[in-house]
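First to last, the protein sequences are chains A and B. Per this note's numbering, residue 519 is the first one in the first sequence, and the count goes up by one each step. Per this note's numbering, residue 88 is the first one in the second sequence, and the count goes up by one each step.
Any given hint might turn out to be false.
To be verified - The calculated lysine to aspartate or glutamate pairs, modelled on EDC-like cross-linking and capped at a C-alpha distance of 20 Å, are:
#1 K554(A) with D177(B)
#2 K211(B) with E852(A)
#3 K150(B) with D177(B)
#4 K152(B) with E645(A)
#5 K211(B) with D574(A)
#6 K706(A) with E153(B)
#7 K179(B) with E842(A)
#8 K706(A) with D159(B)
#9 K576(A) with E205(B)
#10 K91(B) with E720(A)
#11 K575(A) with E205(B)
#12 K871(A) with D113(B)
#13 K554(A) with E146(B)
#14 K179(B) with E578(A)
#15 K783(A) with D175(B)
#16 K204(B) with E645(A)
#17 K204(B) with E720(A)
#18 K871(A) with E153(B)
#19 K878(A) with E205(B)
#20 K179(B) with D574(A)
#21 K211(B) with D855(A)
#22 K871(A) with E116(B)
#23 K211(B) with E645(A)
#24 K871(A) with D194(B)
#25 K783(A) with D177(B)
To be verified - Computed, partial: chain A to chain B, Cβ under 7 Å:
#26 L726
#27 G824
#28 Y825
Don't read these hints as lab results, they were simulated from the structure. Glycine is no exception: its CB is placed at the ideal position from the N, C-alpha and C atoms.
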Amino acid sequence: MTVITDALCPFCGCMCDDLTVIVENNKITEVKNACKLGVAKIMGHHRIKAPMMRTDKKGEFKEVSYDEAIEAAAQMLAKSKRPLLYGWASALCEVHKKGILLTEELGGIIDSTASVCHGPSVLGIHEKGIPTASLGQAKNRADVVVFWGCNPVHAHPRHMGHYSVFPKGFFIEKGRKSRKVIVVDVRKTETANMADEYVQVEQGTDYLVLSALRAILAGQAAVVPDAVGGVPKEALVKLVDTLKAARFGAVYFGMGLTQSTGRYKNIDNAISLITELNAFTKYVITPMRGHYNVAGIGQVMTWETGYATAVDFARGAPYYNPGETASNDVLGREEVDAAMIIAGDAGAHFPAKSVRHLAKIPVVQIDPYWNSSTEVANVVIPVAICGVEVEGTAYRMDNVSLRLRKMVEPEHPTDVEILEKITERVRKIKGD
Amino acid sequence: MTLKVNLITGRTINQGATIENKTSSDYQEATALCELNPKDAGQLGKPGSNIKVKTAYGEVVVKLKENNGNPDGLAFIPMGPWANAVVDPDTKGCGMPGFKGIPAQIDATSEKILLMKELIARYK
Chain A
519 MTVITDALCP FCGCMCDDLT VIVENNKITE VKNACKLGVA KIMGHHRIKA PMMRTDKKGE
579 FKEVSYDEAI EAAAQMLAKS KRPLLYGWAS ALCEVHKKGI LLTEELGGII DSTASVCHGP
639 SVLGIHEKGI PTASLGQAKN RADVVVFWGC NPVHAHPRHM GHYSVFPKGF FIEKGRKSRK
699 VIVVDVRKTE TANMADEYVQ VEQGTDYLVL SALRAILAGQ AAVVPDAVGG VPKEALVKLV
759 DTLKAARFGA VYFGMGLTQS TGRYKNIDNA ISLITELNAF TKYVITPMRG HYNVAGIGQV
819 MTWETGYATA VDFARGAPYY NPGETASNDV LGREEVDAAM IIAGDAGAHF PAKSVRHLAK
879 IPVVQIDPYW NSSTEVANVV IPVAICGVEV EGTAYRMDNV SLRLRKMVEP EHPTDVEILE
939 KITERVRKIK GD
Chain B
88 MTLKVNLITG RTINQGATIE NKTSSDYQEA TALCELNPKD AGQLGKPGSN IKVKTAYGEV
148 VVKLKENNGN PDGLAFIPMG PWANAVVDPD TKGCGMPGFK GIPAQIDATS EKILLMKELI
208 ARYK
């Protein structure tokens with residue numbers, strides 16, 4: 519029996535670093551300290567055993583060898599004029615590097631799950647920059663904590679316990695009691711139930727509410743109507759007073775802002791509010807990233823291509839314009855003529871219109887598990903699970919890079935091995 | 088009767104815990120559902136009964152669930168294939184589809200909830 523202590527969790531952007539994993543005969547038998555999400559991911563379940571292929575998407579898959587599947591994937595991608603390589607967020611940075619290289623060879627588009635998550639945050643940050651801090655800074659200093667349009671009790675179950683709310687910190691002697699917690703959301707979630715103050719906004723009015731808070735902060739309360747987004751003006755004035763009274767404020771936000779009316783302009787406005795609060799006291803803002811390494815693919819793409827998401831190599835040099843080059847833009851316009859889905863599940867998490875197009879074009883899937891993308895795939899290549907069976911680098915939601923260890927030996931090849939082989943074949947096919 | 092709602096989609100703990108197990112009945116239990124407050128839900132039927140959610144982009148049958156935290160007229164479906172059968176594909180010039188704030192109509196139905204495999208098969 520092996521006991522792995524201080525193991526990192528490869529599920530959500532919290533990447534909790536205090537897990538204990540028990541391994542017996544190369545099987546994980548117990549995971550301690552992790553949340554329900556982390557335990558489910560690390561314990562795992564029945565896998566896709568061998569590579570599979572089919573020509574008719576309505577037909578059944580036939581098991582094939584890795585060599586056959588890799589050859590079919592390479593042929594499919596090399597023949598494509600407009601391939602999309604999507605996913606990446608549940609894979610390690612070493613995989614991202616290979617994926618970007620393959621996309622460049624193909625003249626394709628590479629996009630991550632940020633496309634349906636914090637893609638608008640990337641755009642908002644481009645507009646305004648971001649005053650932010652590590653989760654450790656916020657743990658040790660933040661006496662006012664705001665969750666806006668996010669529900670960590672469900673999506674990041676240990677965020678409050680491990681980093682943001684309950685722990686004692688260097689300047690936060692009493693832990694939870696030393697912090698004021700504010701939740702802004704459209705419905706009273708379990709996170710809201712744990713808050714000191716809950717502000718319920720009408721769905722789709724976040725931009726208006728943020729603008730009203732900025733006006734009040736600027737001393738222009740007179741121009742604010744009696745209620746904004748369903749929130750009485752007095753409540754907004756009180757909220758500004760609470761925010762200003764912080765010694766160190768930490769704001770966390772989620773899909774409530776990125777997916778609602780305004781999209782990236784909500785993020786732009788939220789960052790502006792935080793910037794302006796810094797005229798009074800110290801404030802930071804952090805997006806609640808979903809997949810454990812969605813921040814990592816943003817990092818690797820930025821240092822390799824200059825852009826964090828939705829990068830198009832069709833012109834030979836990297837080009838980026840979400841709204842034009844993001845996955846659901848190119849699928850919605852039925853522009854893509856082949857796709858690789860890896861470490862993400864477009865079949866489950868894209869609108870029906872996009873999945874309908876994926877069902878029409880050749881699709882190769884690289885993933886440990888059978889999911890909705892498998893249902894629209896022609897070639898399926900099962901791989902080892904990054905962060906459980908493969909070691910490597912990932913970036914936490916606050917963009918701190920951490921090294922995940924191998925907990926057990928894999929029975930499948932790694933994403934890196936598969937991508938290297940596909941790239942090698944693509945080069946040969948294109949060169950012929 | 089038909090209930091008119093504003094639909095949002097998003098994460099839940101059970102959706103997340105089953106996300107790597109999408110062929111399982113646990114995943115369907117966790118995601119093929121729609122949460123409404125008891126007042127709105129009461130107009131459609133008993134919790135656990137099947138309802139059909141229709142938008143301009145599609146329709147889907149899911150299970151009715153009560154959530155006291157929802158304001159009147161706000162419906163929530165956990166992210167996943169059932170939610171995405173009815174979300175707005177328009178990326179509004181920034182790449183992000185409309186996963187929240189979709190006008191929808193909900194009716195009670197005797198139709199069954201499709202399995203993930205059956206749901207995706209509709210797109211082929």
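Holds or violated: K575(A) with E205(B), Cα cutoff 20 Å? holds, 13 Å
Given hint D194(B) paired with K871(A) - CA-CA distance at most 20 Å: Cα-Cα ~23 Å, so violated.
Holds or violated: K179(B) to D574(A), with C-alpha atoms at most 20 Å apart: At roughly 34 Å apart (the allowed maximum being 20 Å), D574(A) and K179(B) break the hint.
Do the alpha carbons of K871(A) and D113(B) lie within 20 Å of each other, as the hint requires? Judged against 20 Å, a Cα distance of about 26 Å means the pair is violated.
Does K211(B) pair with E852(A) here, judged by a C-alpha cut-off of 20 Å? Holds. K211(B) to E852(A) sits at ~15 Å (cutoff 20 Å).
Next pair to validate is K783(A) with D175(B); report whether the Cα-Cα distance is within 20 Å. Given pair K783(A), D175(B) holds - Cα atoms ~19 Å apart, limit 20 Å.
Interface restraint verdict for L726(A) against chain B (beta-carbon cut-off 7 Å): violated, 14 Å
Next pair to validate is K211(B) with E645(A); report whether the Cα-Cα distance is within 20 Å. Violated, at roughly 40 Å.
20 Å limit on alpha-carbon distance, applied to hinted pair K179(B) and E578(A): At roughly 37 Å apart (the allowed maximum being 20 Å), E578(A) and K179(B) break the hint.
20 Å limit on alpha-carbon distance, applied to hinted pair K152(B) and E645(A): violated, 40 Å
Agreement of K706(A) and D159(B) with the hint, judged by alpha carbon distance not exceeding 20 Å: Cα-Cα ~12 Å, so holds.
When you check the alpha-carbon spacing of K554(A) and D177(B), does it fall within 20 Å? violated, 33 Å
Checked against the numbered hints given earlier, the structure breaks hints 1, 3, 4, 12, 13, 14, 16, 17, 18, 20, 22, 23, 24, 26, 27, 28 and satisfies all the rest.
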